[in-house]
Amino acid sequence: MHERATPGLCPICHTVDDRSPSNRSRRPTPSSQGSAPASSQPGDFHAALRGSDEGNRRDPSAPGAQHNGDLCQGRLPEPAVTGSTLADGRCKVKPWKQALKDYLRIRRSLGFRLRTAEFLLRNFVTFLQSERAPYITRELAVRWATQPAKVQPAFWAERLGIVRRFAIWHSAIDPRTEIPPVGLLPYPYRRKPPHIYSDEDIEKLLRHTQQLSSPKGLRTRTYTTLFGLLLVTGMRVNEALGLDRPDVDLKLRILQVRRAKFGKSRYVPVHPSTVEVLKKYAEYRDRIFPAPSTPAFFLSERGRRITSPMAEYTFAKLSQRIGLRAPAKGRDHGPRLQDMRHRFAARTLIHWYRAGLDVERELPRLSTYLGHVQTKDTYWYCVQWSVM
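Mind the numbering: the sequence shown is residues 1256 to 1643 in my numbering, read in order.
Just to be clear, a hint being listed does not mean it is correct.
Straight-line C-alpha distance at most 20 Å; calculated SDA-like pairs for lysine to any residue [what the hints assert, rightly or not]:
id, residue 1, residue 2
1, Lys1471, Glu1556
2, Lys1516, Phe1367
3, Lys1572, Gln1465
If you are wondering where the hints come from, they were derived from the structure by calculation, not from laboratory data. Bear in mind that the values here come from a model prediction, so they are computed numbers and not experimental data.
Please take these sequences and the hints and turn them into a complete structure.
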């Protein structure tokens, strides 16, 4: 998997231009972004191991109709109307659990996953029931949000923000609802500055990954290939782990990312050197598990899909071993897997700058490749790049 950039779309790219005419004619056009995908990074994955800076999805031309829904910007499904009305036309107030169920369903129809929000709101609903609260008040919201004593105040603000969004929605059902004002707990979330990995960091990480305990030899190959793929494509961790075997088209050199952030899907072209690494991994994986119970592309030693917590835990242990993280317990104690995405974006921007390209003009292409819904979401990387 190659990491050096060329004067193309991004440091992973010129895959599309390198294809044979027959392959180019079969290139799919992803409707999720409205334009052809950026091509993949011409970097050698094995060069990354040396610290050098040199350097299966069904045919997308005819995808099955049952898979096309999330590839389009099409109309969102209309939420079903539930509940009855009173004589004056107002909605009858629903039980808290039913109200929460409807709220989650409607917001998820808009593309939000809400896994953390669901957990916290279920706890909040239980709190309301224990208080026998007929409606949400500011006092109840703040009291619940500040219940955990040994946490950072920013977590209180996050909890209250989740309740506030639920309260805004619920006020349409019950006008007695009191919506907590913005800034009631003045501890806003501050985005953690990314760690931009050096070539030395990457060399150490991949070398120690190859030394992981692995009776079948699959664990070392899985994580080495996974980390390498994140480095040369800038994919989100969940996107890479969510790949199924049909999503990895080694002939067309394209990965299909399904139902990513905000429910979007896209195609991710990859360089031939990346294809070779993925092919070797797939061959070894299939020898160990010729008929796995899961369609996942990346498998654990037990033949199961690698989960995000598993990958994060393995990465944290490796980071502690090579000195990237202190040997501390808990979360947020050093560089993250997500920071590989930041490295990819930063290297892309630096390459464009050195090549004399207009970074501002090229930014939408990087935004499309990374799967950002709006170009403004990519400006975060510009801020970090300007610091570099």
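Hint check:
1. Lys1471 <-> Glu1556: Distance of about 7 Å is within 20 Å: holds.
2. Lys1516 <-> Phe1367: The given pair, whose Cα atoms are some 8 Å apart, holds under the 20 Å limit.
3. Lys1572 <-> Gln1465: Satisfied, since the Cα-Cα distance of roughly 13 Å is no more than 20 Å.
Against the hints set out earlier in the document, no violation occurs for any number.
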